[in-house]
Every structure is written in C-alpha cells, then in structure tokens.
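Peer 1: Below are the chains, spelled out letter by letter.
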Amino acid sequence: MEAFDMSLVNWSRAQFALTAMYHWIFVPLTLGLSFIIAFMHTRYYKTGSEKWKNTTKFWMKLFGINFAIGVATGIILEFEFGTNWSNYSWFVGDIFGAPLAIEGIMAFFLESTFIAVMFFGWNRVSKKFHMLSSWFVAIGANLSALWILVANAWMQNPVGMKFNPDTARNEMENFAEVLFSPTAINKFLHTISNGYVVASLFVIGISAWYILKGRHLEFAKRSILVASVFGLLSSIFVVITGDSSAHNVAQIQPMKFAAMEGIYEGSEGVGLTTIGMVTPGKRYDNNKNDFVFALKVPKMLSYLANRNSNSFVPGINDLIDGNKDHDIIPISERMENGKLAINAFKEYNNSEDAEIKEGALKTLEENYQHFGYGYLPDKKSAIPNVPITFYSFHIMVSLGFFFIVLFGAFLIFSAKQKIESRKKWLKLAVWSIPLGFLASELGWVVAEVGRQPWTIQDILPTMVSTSHLSTSSVQVTFWAFVALFTVLLIAEIKIMLYQIKSGPKNMED
Amino acid sequence: MSHLALQQYWWIIISLLGSLLVFLMFVQGGQTLVSQLAKTSTERKLLFNSAGRRWDITFTTLVTFGGAFFASFPLFYSTSFGGAYWVWILILFSFIIQAVSYEYRTKPENFLGEKTYNTFLFINGLVATILIGIVVGTFFTGSDFSVDKLRLTESGNNVISQWEGPAHGLEAALNLTNLSLGLAIFTLSRILGALYFINNVDNKALVHRASHLLKFCSIAFLVFFLLFTGLILTGEGFAVNPESQEVYMEKYKYLHNFIQMPVVPVIFLLGVVGVLAGIYMGAFLKSGKGIWFAGAGTILTVFSIFLLAGFNNTSFYPSTYDLQSSLTIQNASSSKYTLTVMSYVSLLVPFVIGYIWYSWKSLNKKKINEKDINNDDMAY
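Which chain is which? The protein sequence lines are H and S, in order. Counting in my numbering, the final residue of the first sequence is number 554, and the numbers go up one at a time with none missing. Counting in my numbering, the final residue of the second sequence is number 385, and the numbers go up one at a time with none missing.
The shape of chain S in the complex, shown without the other chains (with noise of 0.2 Å):
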C-alpha cells in the first residue's frame, strides 16, 4: 500500500475506535440517569451492576483509541494532548475516579461513602461525554496552536508544538459548534444508556421509567445534533490544497466532503434512521433491541462524521492561530513503515471484536434482577 493509502486506513481505523467509543459511553450516560431512575437503593444497585459489567470495555476502548492515535498520527497526540491539557486533564481525571467506583461502591469500609462514589460515577458521565465531544468539535472549528520543528535547535523554549492560548483547551467549550457537539454525545450517551437498561435489566418499573425519560432525552439529542450539523454544514471549513499542501479557509468545506464524498452522506443518514428507530422502540415499544438499532445507527453517524473531518482534502486538527501549522491525516502521520506494521497488528482487531461478542453474549444470555445481585458477592 502507498503511504497515503495507509494514512487513509489508519484514518478509518481511528474513526471506527471513536465512534464505538461514543456508542461505549452507554455506560456513562447510563451514570448520570441512575439517580433519575432509581427510587430505591435496590433500584440503584441493579442500574449499577447492568452498566457496571460493561464499564472497562468502555475505559479500554478509549486508552486503545488513545494509543492508536499515539501510533498512527503521533503529532496529533504532540499536539492536542499537550496543548489542550485542562481538557485532557479533566477527562482523565473523571475516568480515573470512574475507575474505582464500581468495585468499592458498596463495599465496607470503603472509606468516603457509596454517595461520593455514586457522585463520582455521576461527574464521568457528565464531564467525560460532554469533554469529549468539544474535543472532537475543534476538529471542525480548531484550536490555537502553531507547529515549528526548528523550536528543537533553540534554547529555553523548545517544544516544537505549542499551545497559543492560556486556558489550554478549556476555551474551545467557548464555542458554539463544539458546545452542541459536547452537549449532543452528553445526551445521546444518556439514550443509549436508557435503552441498554431497557434490554438489560429485570424491572418492570425501571424500565417504564427509562422509556418515559428517553423521550425527553430524544428532543434533547435532536436539538443539540441538529444545530451541530447545521452549524458545520452552512460554515467554512479547513481545505487542504493536495498540491502544495497549503491549507485554506473553504465557505461550505463541510458541505462539499459531503457531496463530493457520496458514501459518507449515506453513512450519514443511515446512522441517523438508526439512532431515531433504536429510540422509537425503546420510548413507544419499549423493547430490548433498541439499544442495538441506535448503537449501530451512533456507529454510523459517529463514523461519517469522523470521515467528514479527515478525508477530502481536509485538516482533522486544525490551527485557528496559524492555518500552515494545522495537522492533516498526510503531515501528522507515522512513517510508512510504522503504518504498515500496525496494519498488519490491526488484522487482530476482528478477533479482539469476535471475543468481545462471544463473552458479552455469554454473560447477557438473561437480564439480571435483583435475585441475581443479590446472590451475588461479587455484585457491585
């Protein structure tokens, strides 16, 4: 395969790591609904053990999306994470106390409380979808940063990617087009959460209380996606000439992948069906399948979106403070050779999704109940 070609499989790779990520955020929305759902702490035990058995596929879609950025298109993980450090930082920081909560939530002396480590579960759903979400918003709107290799060869100041303004990062949440992009994952997080606890869980009450709250949700989603959409759609865009490289400010860019890239509008919209047929079964059918619909519909939309961003002659990561140091999936990449070794690591990825389905179906095989929790001590 040619250098580019690599650049552009790796591209789709990454895509395809983020947007299961966001379909993964189930878990996260799921967090920031268990108190709105639950009336009592069995209730809230059953919530928690339901998203609770899939949290570390989530956590561990996100460090492997991390390190396949790292190895793919290393200057962008140069770039973003130590530009945008408060971002990051806080992202990090909600996974890190994520991490703790279900295994000591409910165990004694557990030192600060099942209410601090259901709170804790509360901010990562909150802060982690919305954060991420204007992260991936400043692929559309960039950041301020300005890029120069020869920063190596001078004293004191040597870091060859720089951050340009003080808030590192936390000034994108500023932005309109990010915010409705980090507000958009936040709510869609919570769909899929309702319907995963629709499919998953053992409680009449539970689940008429899920479906009643999706609706609302729903109209939630369906603003803040549509003004993103909208918003990236009718704006300019970070065009690259695939001549010189030259990176330029195009009116509609977005609009034009879209046209002149037709499978990704396709993409696009079957997402969109996908998500809007997984809520009409869950809030109206109030059925289990669902979460499989609007899971597959995120993958989609979440895909094509990623597409829109790195493809057609477009810079993914683009530089507001100075447009020639924006990063394209061409200048940001790893060299040939690296691409093609974790080409052929990336052959392992369908087996890696094939025992993932395998055990996930083993373990979901029937909906768990209280009679289940309850006998179990390894319960959460």
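With the rest of the complex left out, here is chain H (with noise of 0.2 Å):
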C-alpha cells in the first residue's frame, strides 16, 4: 500500500486549499453582510427615511461586487469533489452528495432569485416585496452556509452510514445523524457567527475611515453603531460554540486536537497554551521539548476537552504509540486491522463460496472503523503539521477575543456619541478589516489542516481520494486558478476601494 502518487495527491489538495481559500474570503461577508443589510433595509421601510436608504444601498452595492466573485470562486468547488475527487465521490457520494443538492434546492435559489429583486427592484416592486427579498438573500446565504458545512462536518464526524461491500461506498442509514450530528451544529453556529464578525469589521472599519477623514460623519456612525452591536453580540457567540466545537474535536478527533495544542506527552489536568512557541524541529520520534516557552492557563485544557479539569488528554505520542490505561489502541495496531478490512472487502468481492463471504463479511464489519488506517504508509503519517495547525489556532482565538474588546468599546463610544475623538480607536478599527479576514480562513486552516492525513476521518485518506489524472494535468489547473482568481481579486479590491473612496451616494453628512 506504499506506491501511492503523492505529488499527484499534494497538487490535488494544493488545488482545493487554493479554491477554498480564495472561496473563504468572500463568504463571511457575503453571510454577515446580509444579515445587516436587511436590517438597515427594515429601517428604511419602516421610517420612510432617505437616509437609511442611502446607507442601505451602499453596503448593498460593497455586498454585490463582494457577491459576485463569491459566487465565481464557488461554482468550482462543488465539481471539484468529481473532478479531483473521483474515489471520493464514489466512496461517500451517496452521503455527501444529498446536502449539496439540497443546498442547490433549498438555499442557492432563494439566494439567486431574491438578489435580482434586491438589486433591481427599487422602482419595479413594492416597498415590502423588496425589503423582504433583502431578508431572503440573507437568509438564503445562511441556509447555503448550513447544508455545505453539515457536508465538512460529517466528513470530520462520519455518522449514520454503513459501508455496503457490493457497492464499495458507504451508505446513508440515518439523515437526522448526518443533519443534527454536534458536529454539525457546532460547525455551522460557529462558522456563521465567524462570518457576522467579519461583516461587522468591515463595517465598522469602512465607517471608521470615513470619520478619521471627516466625510459622511452620521452615515458612518449610523453604521457603526448597526455593527457594534451585532458584532459584539456575535463575537460573544463565536467564542461559546469556539469551546463547543473545541470540546467536540477533543472526543472525535483527538489528533487534531493534540495538534491545536501541540502537545507530544498526554497527561492529566493539562493547561491550556494561551501564548506559545512549538520547538522547531520537535517530532513524535525525538525528546525534544514541546515548547521554547509557553504561557499557560492550568488544568484548562483538560477542562475545555473534556469538562474535567482534571481528566486526561492524550497527546500525538498517545494517539501514535497508544496508551493501555486510557484505551488507546498503537496506530500500528489500527493499520494492521485497517488491512484486514481491507483484504477482507477484497475477499468478499472475489469469492463465490456463500461462507467464505459469510467471513469476509465478518471481517469487514469488525475492522470497519480503522478500513482508512489499512492504506497509510507508515506510523507517522497519521500526524497533521502541527505548526500550522497550532499557530492557527491560537492567533484565531487571540484575535477572537481582541474583537469582542473593539465591538465592545465601539459601542459604548457610539452610546456616548464620542466616536470622533477616538483617533486612535478609529485606525485600529480599520485595520481590523483584514484581521476578521485572516481569523477566518485560520479557522477554516485548523479545520482542514488538522484533520489530514482523512478526508473521512479514519475511514478515507487524502491519498486514496483522487481521480485518475496526471500530475501535470493537475498542475496546470492549479495556476491556472492561482491566475484567475489572483486577477479577479486585485479586480475586486481596486472595485471596492474606488466605492468606499465615492463614499454614499446623496449624502450630505
């Protein structure tokens, strides 16, 4: 099983990060802005005032030129699970694929149909009709937001399928499991109140130079104080299902979980990093300390995983070479019963004698939850890069709470009317625009990074999920998208920034 094309699967994943990061940027906003969008649309159609619509066409008009290329950069990856994923496709489509179609039926459409109505309806419809389809472009957004993250959840938390030998994929049993797994809610609560945060940011910041220059000064503060609110209230949320999901990785994926916090020894009570710097060079192999230095919160990471402030957590070691007095099975002992599933699924397949299959069935059925452990190459390879996944982590969750400070203090400057004077504050916001930005696609780098070598946990790795195609084919399509979507985006940006330069259109404040 050691034969595999690696640069083929490296370029494949190079290929997704790429499109799902580039896809990453643009969605947050879309999901947050949306939202307040429609709240200042509700405004205006309750008080009849210009000024609301003039503030609500403005961000409408950010939203469209941010929409679009979310949009372009997404299409590709829905068909990139067929056209670089071929065995993955074939293994869990009959799971995988339902939420992509319902996310079609249910979200995409109400999103597509109600944007028109939302962008060109101004003198074509009633006032209700268009406020409304404000409302159902956000809620259309978010819905879409749900079904594709149920579909990352499940792959992080494969539940409510059996694999079916005569088939060679796995088979849905239990839609509700797939819907409602912890998983799932934490991600898609925790993923939406990310991108609330983000829109708040950008709101927030936007308005925020727009008052250091002394332009459109009640338009910006109008704003700023939609934003603060929702933005702190949001980035409260962000935090609580930030320790659900956390506690979540902690019992389905104790890797990725060692990882985060990078920790080679478990033990019990263990503390929680809140700074810290992994030893360069530190291996599971090697007894080189886990930490140059680390600041830590004791028995919190304990706490945080399991709700024991003194229970254990296994670290890479642990999870590698296995722990008898926490039940913790060598990852060597999983590949050799991952092989045996595997011979065993082959068995089945290739005999004809109804007991021998009988067996082979047997087998199968019993080694099933290691099947993905059968096909790495060695011991080692069960390890995500901890750096990556660690730095991740904690500069999105320091960032995390530093945004509950501005929304906060964004806030009781707004209640106080004292905004202007706040100079230093101001700037600060608007260099928070990309911070929201990068805490979020960190996120979604903890996510992804931290749960190779799977594409289904345990069941599926990376290496046995690609479609049949040359290196070089793949190669081309990944600068190929490095160039178009680079272009697009510098196309955005300057888009965007000659708006926000024009500022609100009719606004004499």
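Hints are computed from structural coordinates only; laboratory data are not their basis. Glycine included, every Cβ here is placed at the ideal spot set by N, Cα and C. Some hints could be false.
As the list claims (entries may be wrong) - Which stretches of chain S does chain H cover? Using the computed rule of at least three CB atoms under 8 Å from a CB of chain H, they are:
1) 60-66
2) 85-97
3) 110-123
4) 158-172
5) 334-348
6) 366-380
Work from the hints to combine the two standalone chains into their complex.
Peer 2: Spelled out as structure tokens, the structure:
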C-alpha cells in the first residue's frame, strides 16, 4: 500500500486548498453583510427615511461586488469533488451528495432569485416585497452555509452510514444523524457567527475611515451603531461555539486536538497554552521539549476537552504508540486492522463461496472503523502538520477575544456619542478589517489541515481520494486558478476601494 | 416506492433540471449576440442589463443540476467529472469568468476594462453551450472509461473509475454526433437569447435586429439539430439486458426507445413544434411571446432527449472502452434510503419554481429601457 503518487495527491490538495481559501475570503462577508443590509433595509421600510435608504444602498453595492466573486470562486468547489476527488465521490457520494443538492434546491435559488429583486427592485416591486427580498437573500446565504457545513462536518465525524461491500461505497442510513450531529451544529453556528464578525468589522472599519477623513459622519455613526451591536453579540457567540467546537474535536478527532495544542505527551490536568512557541524540529519520535516557551492557564485544557479539569488529554505520542491505561490503541494496530478490513473486502468480492463471503463480511464489519488506516504507509503519516495547526488555532483564538474588546469599545463610544475623538480606536478599526478575514481563514486552516491525513475521518485518507489524472494536468489547472482568481481578486479590491472612496451617494452628512 | 421507481423518478428530475438549464442558457446565447446586435454603447448596456438580471438563475440551475446529479447518481459524478476532466474544467472556467463580468464590467477601476469583461461573457456563451452539448452527446455515443471497484484494494493505482484516453474528455469534440448536439445547443441558446431580448427590451431598433438575426440562427440550429437527431435514431445504441444487466450494442436502439415509449416522441414533437412556433413569432411577428413558446418547447425537447438516453433499459453514460463499465440509472444511483430522503426534499421544487415565477413576473412587469438603466445606480 505504499506506491501512492504523492505528487498528484499533494497537487490535488493544493488546488482544493487554493480554491477553498479564495472562496472563503468572500463568503463570511456575504453571510454577515446580508443580515446587516436586511436590517438597514427594514429601518428604511419602517421610517421611510432617505438616509436609511442610501445607507442600505451603499452597503448593498459593496455586497454585490463581493457576492459576484464569491459565486465565481464557489462554483468550482462543488464540481471539484468530482473532477479531482473521483474516488472520494464514489466512496461517499451516497451521503455527501445529498447536502450539496439540498443546498442548491433550498438555498441557492432563494439567494439568487431574490438578489435580483434586491438589486433591481427599487422602483419595480412593492416596498414590502423589496424589503423581504433582502431578508430572503440573507436567509438563503446562511442556509447554504448550513448545508455545506453539514457536508463538511460529516467528513470530520462520519455518522449515520454503513459500508456496502457490493457497491464499494458508504451508504446513508440515518439522515437525521448526519444533519444533527454535534459536529455539524457546532461547525455551522461557529462559522456563520464568524461571518457576522467579519462583516461587522468590515462595516465598522470603513465607517471609521470616513470619520477619520471627516466625511459622511452621520452615515458612519449609524453604520457603526448597527455593526457594533451585531458584532458584539456575534463575537461572544463565536467564543461560546468555539468552546463547544473544540470540546467536540477533542472527543471525535483527538489527533487534531493534540496538534491544535501542540501536545506530544498526554497527561492529566493539562494547562491551556495562551501564548507559546512550538520547538522547531520537534517530532513525535524525538525527545525535544514541546515548546520553546509557553504561557499556560492551569488545567484549562483538560476542562475544555472533557469538561473535567483533572481529566487526561492524550498527546500525539499516546495516539501514535497507544496508551493502555486510557484504552488508546496504537496506530500500528489500527493499520493492521485496516489492512484486515481491506483484504476482507477483496475476499468478499472475489469469492463465490457463501461461507467465505460471510466470514469476510464479518471481518470487514468488525474492522471497518480502521479501514482508512490500512492505506497509511507508516504511523507518522497519521500526524497532521503541528506548527501550522497550532499557530493557526492560537492566532485565531487571540483575535476572537480582541474583536470582543473592539466591538464593546465601539458600542460604548456610540452610546456616549464620542466616536470622533477616539482617533486611535478608529485607526485600529480600519486595520482590523483584514484581521477579521485572517481569523476566518485561520479557522478554516485549523479545521482542514488539522484533520489530515483524512478526507473521511479514519475511513478514507486523502491519498486514496483522488481522481486518475496526471500530476501535470492538476498543475496546469492549479496555476490557471492562481492566475485567474488573483486577477479577479485584484479587480474586486480595486472596484471596492473606488466605491468606498466615492462614499455613499446623496449623503450630505 | 421501489428502488427502481425512485431511480426513475430521479432520472426524471435530472432530465427536468437539464432541460431547464438548456432553456435558461438563453442568457449565454444572449451574451454571444450582444456584439452583433448593439451598435452603440447604450444599446450594449441595455442588452447586458436585460440578460444580466437573469444570469444567476442559470448559474444556480447549473449548480443545482450538478448537486442533484451527485446526490442521485453519484457514480456518474465520480466517473464523468473525474474522467472528462478537461471538458468540465473548461465549462467551469467559462462560468467563473461569467460570474464577475456583469457586476464588474462598467464599474470604475475594474482593472481589466469593460471590453475584457464583455469578451468573458462572449466566451462563456460560446464555450459553455457547445461543451455542455458535447457532454450530453456522449450520453448517446459513449466515452472511454473503465470501472473496477476492486481497484480500491490495490496499491498505487486505486481509483475505481478511470478515464482510459489521454485527452480526458476533449476527444468527445471530435465525434460528429456530439459536435452536432453542441452546435445545436449553441444555436438554440442564441435563438432563445434573441427571443428574450425581443420580449424584454424596449428598443425598436434592437428588436428589429434581433428578429432579423433570429432567422439565420434558426437555419443553423435546424441543420445541427436534424443532423444530431438523424444520427442517433439511425445509429447503434447502448442497450441493457433487464435480467442480467449486461450492456450490449443494439442497432436503432434510440429509435426503438421512441417506438417503445410512445409518450417520448409525443413530448419531443410537441417540443419541436413549440420551438418552431416561438421562432416564427419572434422572427416574423416580432412578438415578445415567442420566448415562452420556444422556452417551453426547449424544455420538452431536451426532457425527451434525456428520457431517450436513460429509460427503457438503456445505459445513460455508456463506456466504449468496456461496455460492462457503462452506467445505467440502476447501477449508478444512490441507495434507496438516500433517494427516498432526496425525494422528500424534491417536494420543495414546485415551491421554488413558484417563487422564481413570482419574482420574475414582478421584475419583468415592464420592459427595460435606456432611461431605466441610466437612472439605476445598480445597473451593470
């Protein structure tokens, strides 16, 4: 099982990471800004005030510019599951395809139908229908996030299915388990609230820039008030859902959890690292210290992982070499069991003898939970990249807490009507726009790099998921995507900056 | 419902989505007409804004078509997308450049300039329609792939479904049947685009030019469409033995399908008559109603072509490399459980069509004119 074409796997991986990360620049803003616009639109509907109308229109214009490139970068992702991950589509398409189809039927049509009404309905449809259309766009965008995150969560925590050796694929047995798995719920809530934070930072940052320039003061203050309330509530929610997500990861994906915290040796009553530096060159099989330095909150990690501050948290070494005291099977044993499962699958299909088939099926079912380990070339390959996962996680968490402080401060300034005098905070808000996007991307990195080498946790490794393509084909499309998406991103930023510099129309304030 | 009934139900849904997609590609057809119809920048803007208010519905239908195909026939998804890599990548690239072009084309500081975005829209109209037609053509002509589930147990090369040719789908363009369908879809999308402009644009000169151009597009369409129909009805097809599920070649298979499923030729002929009636109304009467006749006709015709490919013991995605690797609605479908769940979801479809219809009517109550787009700061 060693002769995998790793260059094809890595280029396929790189292409998916590239397209997903580009897409993920634009989506969080869409998720949050759509609700902010719907709220502003409702204010206009209720008050009839031209100020609210123009405020809504300004943010709507920026939304449109962002939405277009979000759609452009999104279409490829759905089809990439087929183009670059053919074996994956075969192996789990019976489960994974359903949320993607539901996303189209339930969410994309809602979003795309009403986005046309939202943009072009100003003098064509009734004011009420127009305002409702803005809400439908927001609901559609967020519903689409629900379904794609249900699909993603299922890859991290495969539930509600059974392997069928006759069709060589996993088949769905319980849709409710897939939809309501704790991983799916946490992932959805954490991700959309992160989108609301990104959008709130975007609105506050741009409004802060206007105040610093002494332009559109009323418009900017109005926008800051809406965004700081929305942002504060969302950022608190992000921390709550982040906590439950991490708890869920500790239970379902202990290796990812160990990588997030850079722990090699497990123990009881483990502290949570707030700031730290992973020792360069540290591997599971050497005796270097885990950290060059680390500032820890005592026992906090044990509490986070198991809701018990004295509990045992396994490290990477425990998960690789096993730990009898805590019932952790060594990877080498899981690899052996995985090979048993793969061979039993082969025997089941090759034999005509009913008795042999039955025996093979029994072996397969008993060992199926280890199926993917049978493909691993060595036990080291079960470890994700620790420094990337660790730093991404910690920078993301730090930014999350910083955003709460920022939103809280702006809400207080808004309430006291003292925003103009807070020049340093205003500058900080402008610079926080990219930080919102950064935190969002890092969250994705933690989720996706941390779960390597799996496309389906424990069942299917990335190296067995690809299509039968030459590496050079994937290299060509990778660079084509780099070029195209980068050009489009430059266009988007230039258009956006011009619109921001021009400012809202018909606003004397 | 039995598993087979669910498989048939889902093939009908896929056929319906496919036919809706072809109708909605009037947006793509319209994009290829702009440079021929518009003489001034205002006219160009009018046409792009007319088609542009519908681009995302077509786009969404394509994405939903892909998602529904994945959910209901995942083995097709795995085989076709991973195998015919280059065709699908080209189709997707053409949609990526479309998605930004409307929004960015006239915005200041748009980096690439208006002409580039207009060219992107033309490329999308040309490439997407022809290549999607070529891919659907392979439903009748077959592709070079093999399927072996036991590859999963091999080291190294363990991809279950593999393309056996080096061109990864591009070879399909060299087949006359595929190419004639590709060009038929392209010319049909231009017909529909012209009819949509006649319906939606309040500008006499443009309507006049659109109705004139319609005549030429229609002649080209009829040539390619008749060629495709003639070739598949007189050629061999991929039949499936219902008992053994063995796939074999059958002379006049698709003609037999027509005869053995008499409702299909009725739908087909009704569709063709609808398209011709729509063309007549647009080309000779300059009537805005032409799009509805030709649109309904397109949906019926394409729907019947999909039924021809998948029903009556026929392989809908045949392999010419290894006949027994061919995909049928039975061997490529999802499990009974998944199809049942998805069938409940499909009950939402009439509701979705209902709100699309309502919002479409609300926005299209009056035609768009120069004044509209000049006063609209959201205009493309």
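Peer 1: Against each hint, give a clear statement of whether it holds in the structure.
Peer 2: Taking the hints in turn, this is what the structure says about them:
no. : hint    : result
1   : 60-66   : holds (count 4)
2   : 85-97   : holds (count 9)
3   : 110-123 : holds (count 6)
4   : 158-172 : holds (count 10)
5   : 334-348 : holds (count 6)
6   : 366-380 : holds (count 4)
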